[in-house]
Structures are given as C-alpha cells and as structure tokens.
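So the sequences go chain by chain: A and B.
In terms of this note's numbering, the first sequence opens at residue 4 and continues consecutively.
In terms of this note's numbering, the second sequence opens at residue 2 and continues consecutively.
Hints listed in this document are in silico derivations from the structure and should not be mistaken for laboratory results.
For each residue, glycine too, the CB sits at the ideal point set by N, CA and C.
Any given hint might turn out to be false.
Stated by the list, open to error - For lysine-lysine, the following DSS-like pairs were computed, each having C-alpha atoms within a straight-line distance of at most 27 angstroms: (1) Lys171(A) x Lys145(B); (2) Lys97(B) x Lys171(A); (3) Lys97(B) x Lys145(B); (4) Lys180(B) x Lys132(B); (5) Lys292(B) x Lys180(B); (6) Lys14(B) x Lys92(A); (7) Lys214(B) x Lys180(B); (8) Lys214(B) x Lys122(B); (9) Lys145(B) x Lys159(B); (10) Lys132(B) x Lys122(B); (11) Lys170(A) x Lys122(B); (12) Lys14(B) x Lys214(B); (13) Lys92(A) x Lys253(B); (14) Lys145(B) x Lys132(B); (15) Lys214(B) x Lys25(B); (16) Lys253(B) x Lys214(B); (17) Lys214(B) x Lys125(B); (18) Lys92(A) x Lys145(B); (19) Lys159(B) x Lys180(B); (20) Lys159(B) x Lys253(B); (21) Lys224(B) x Lys92(A).
Unchecked claim - Simulated coverage check for chain A against chain B, where a stretch passes if three residues somewhere in it have a Cβ under 8 angstroms from a Cβ of chain B: (22) 95-101; (23) 146-155.
Here's the letter readout for the chains.
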Amino acid sequence: MSTSPNLIAYATITRREVVRILRIWMQTLLPSAITMTLYFVIFGRMVGSRIPPFANGITYIDYIVPGLIMMAVITNSYGNISSSFFGAKFGRHVEEMLASPMPSWVILTGYVTGAVLRGLMVAAIVLVISLFFTRIHLYHPWITLSTVLLTAIVFSLAGFVNAVYAKKFDDISLVPTFVLTPLTYLGGVFYSVNQLGTPWREISHANPILYMVNAFRYGLLGISDISMTVAYAVMIGFAVTLTALGLTLLNRGIGLRS
Amino acid sequence: MTTIPALDVVELKKTYPNGVEALKGISLRVEPGDFFALLGPNGAGKSTLIGILSSLVNATSGDAKIFGVSIREQRSAAMRLIGLVPQEVNFNMFEKPFDICVNQAGFYGIPRAEAGVRAEKYLKQLALWDKAFGIARAMSGGMKRRLMIARAMMSEPKLLILDEPTAGVDIEIRRSMWKFISGINAAGTTVILTTHYLEEAEQLCRNIAIIDKGRIIENTGMKSLLSKLDVETFVLDLAQPEAALPEVHGVKFTRIDDVTLEAEMSREHDLNSMFAALTARGIAVRSMRNKANRLEELFVRLVETGTTDAAKVAA
C-alpha cells in the first residue's frame, strides 16, 4: 500500500523542523534548561525554603514546578513556529511549500507538530532538571499529558498567526516580550490566584495561561484554583479558534501571497 | 482530435492592492512538448503571470489550465504538474542541497527513498553532486541557479517554468544549463522560459510570446517572428582600409572606421549578391557578424512600438 502524498508532505515538514531544532540545540533547547535551573535554585531553593508548606504538605518548589514547565512549553512552542515560519517567509523558501500541491492544513499541521515537539522536548528537559530539586508526583497522568499537549498546540498556532502577519523580525519578538511573558508571570506560575484580592483575582481569570498552568498543576500535584471543565473548555476553544484562523490565513494567502 | 494544451491562459487579470494593473486580461496557449519563450521588458507582467501559474500570486480574474487542470478550481492537482525555477534564490541557505531536493520531493508526496534517488540523479546531471552535502549558502551564484533547476525537477513535472534561470551566470555554465534544459524538453517536458538573453530564447525556443505593460503584444512561432525582420545590419571587417564607401544596389553602407563597415540590407537581397559586388570592386571581407541579435532587434522594435502589426515592425 502506498503512503498518502499528504502524509509524506506532513512528515517532510515535521522532520525538517525537528532537524532544525536539533541542529541549533544551543538556541532551541539549552536556554530553557539554564533559565529553569536558575528559577529552581533562586525561587525554589533560596526563596522557597523560607515559605511554609501549603496546607496539604506541598512545598513551594513543588508548587512552582508545573508552572515553570508550562512556561518553558509556552515560550518554546510559540518561539519555534514564529521564528521558523517567519524565517521561511523572510528567506522566501516558504514559496517551496506554497507552490507545491500540499493543502494548507498539511503545512499548518507540519509546522505545529514541529513546534509541539520542541515544547515537549523542553518540557522533558525541565522535568528532568526539576528532579534534582524535588520529587514529582503524577496524580493524573492523562490530564498532565493532555494539558501539556493542548497548551503546546495553542501556542504553536498563536506563533504561526504571529509569523504570518509579521513583516520584520521585530514583529515576532513583540508578542513574546509584551504579551506572553507578562501573561505567564501573572498566570499563577509562582502563586495561587486565590491569594489575590478583588479585582485582581477576577482579572486573572481573563488570562488563558492561568487555566493551562492550573490544569497541569492539577495533573501533577492534584491541586488547582480552577475547575478542570473550564480549563479544558478554554484550551480547546483557543485551539479550535486559532486553527480556523491559521487555515484561513493560509488559504487566502494573507501575508504570504500577493 | 484536439490535444489538451500544456498551458491555457484565459483572460487572466491581476490588479495589485496599490492599483497597479500587472496583467490586463491576457490569453495564451502553449502546446505540449513546446519550448516556449515568454519575453518582455522589466515590469511587463512576466513574473506576475508565472506567480499566478505557480499559485504564489492570487489572480484578480480569469483562469489558467495546466494540461486541462484549472489552477483556480484544482490547485493541488495543477501544482503537481508544474515545476518552477524562480528568478530569485528561494531555498533555505542553511540546508544541504541534497536535503533541499529531498524535501522538495516530499512536498509533492514522493517517498523519501525515491526522492533520494532523484536528488542524486539531478544533482549529478547538473554537476552539483560534489556540493550535495555542504551548506547551500556556500555555493556560487551559478550553482545556486542550477540547484533550483535540480529542485524543480524533483517532481519530474510535465510543465517546467524557468524565470530567468541563467541571469548572472557565466557563458560556460549557461551553455551547460541550455544543454540540460534542451534534454529535458527533448524527453517530453514542456518548457516555458523567460530570459533577458535573447540569443538564448532564439536558440532554444520554438514559439514565443512577448508581453508588455500587462498585454501580450506578440504570440507566434520563433521562425515566423524572425521572418518579420525585413532589415538586418551586418558588421564587415575589411582586409584593407577603404577610403570610399562602396555602392551596391539594395545595401546601405556606413563607415565605422577605415577597416570596418556596417551594411544594412533588406531580406529581398541576398548576401551572395553583396559579396559579388564587393569582390568586383576589389574589396576583401575578412569577417562578418550580425550587428545585433535578430530577436533582440525585433523585441526592441515591438516593445517600442507596442503594436502587434508586423508590417509596422518591418517599416
């Protein structure tokens, strides 16, 4: 039985992305390892050791591990696709794909898979590093896995949309700097939003990253500030909306075809 | 029985968002197996047309069919039939030529094992095999252009479109590229070539269209077009200096220097009668060449006049 041409095309883009990630591992995999190690040392050990454990015996370093893994997944999946796809646009080799018989959904899924794989690679690295500082409890494996996967997909798609609209390299660094980083820090990585007073607690619920971090924390530690149903609705809602947007941009050639 | 054309462009229009009308409703037909020249000055609309055919540019209206397959209604199926060698280098400079070719095949759904075989075949045919596993960025300009041809051949297209493939390439490499492309055409692939080297088009192509300001101003056979050139100018290098201009019926001589003359003559007169007359006057000609490429002369006149009327061209 012959393999579907679309499957071959999808595998080609995915392989090319993975080769790129591994070829420039000092830019793609190493920075998160170093940054997260510093977070574990400074916030986990030095600052965290002075914070009393949570009511159910969870130490502060245990509490921040899920958030830090999610932070790495968000940054890397977004950064991978935005830099790779914008690089292809800038170097014009995106034309190789646009002039080929590949349908738009193959291009989108190929790039998203590449970005998700980088997110998962970095998640695995950060997870291994965290084992040097604490023990990981896996309370709900399927919630843990599905959350990290959905989060990587959502931010890969967001990075793709950013790359399509970007006209210069500055345009792909604006969103991570001015939107993603603040939202991640305010998304309950380092604290529980229940500790916040009104109106900051309510405002925090408008931050999608809050739902992702809490769902992942629930998977690893069994605690969360929000309901899992709402968390999944938010993640799936964003994934569906951004997929539709990405496909529309590709089909119409916005930012890609004259 | 009518054959399905390799390319059938019908009333194709393109207006860019800034209001520039790049194509003003052009229609064009290229037969299967043809070696077709698409010529035009810069900004005439050639690259826009090629962009539309390769789905890199969205047409405003009209359609084009590749071997009967509409690029508007069956984009994927139509793209499977086309190979494109663009004007600008557009591969990833940080990848290896072998990987660039294999990935290109992958985009067309060709299994990796088969892609590897084809990559080796075409990289060898284009004398790039020794560079196949280096970084593409390190290749010379001529090598990069040949790599784009190898890449376009990975899907073994029925219609190969070459947008100025030999621009900036030295004559030796240009000739080797001509040989390769001619071989591809002889094997049955329809080739559409745009170039600013008109001797290239004259030598390689059987049919020609000239596009100017978004309109086709000429679309005919190469021989038929060249036959419209009624006056040709030759440069004669004389064996000895000549003080006076010779007078020969039907030939207008102009002195360039003591040993060089320009002879402008209509096609009604043959070269034999001119040489006979010169010999009778004791004038020996050491060598002779065309002042300009014949197609170049016609091209300039057609674009300048902007007319399809061959009679006006000859006048």
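Hint check against the structure, violated hint numbers in rising order: 7, 8, 11, 13, 16, 17, 20, 21 and 23
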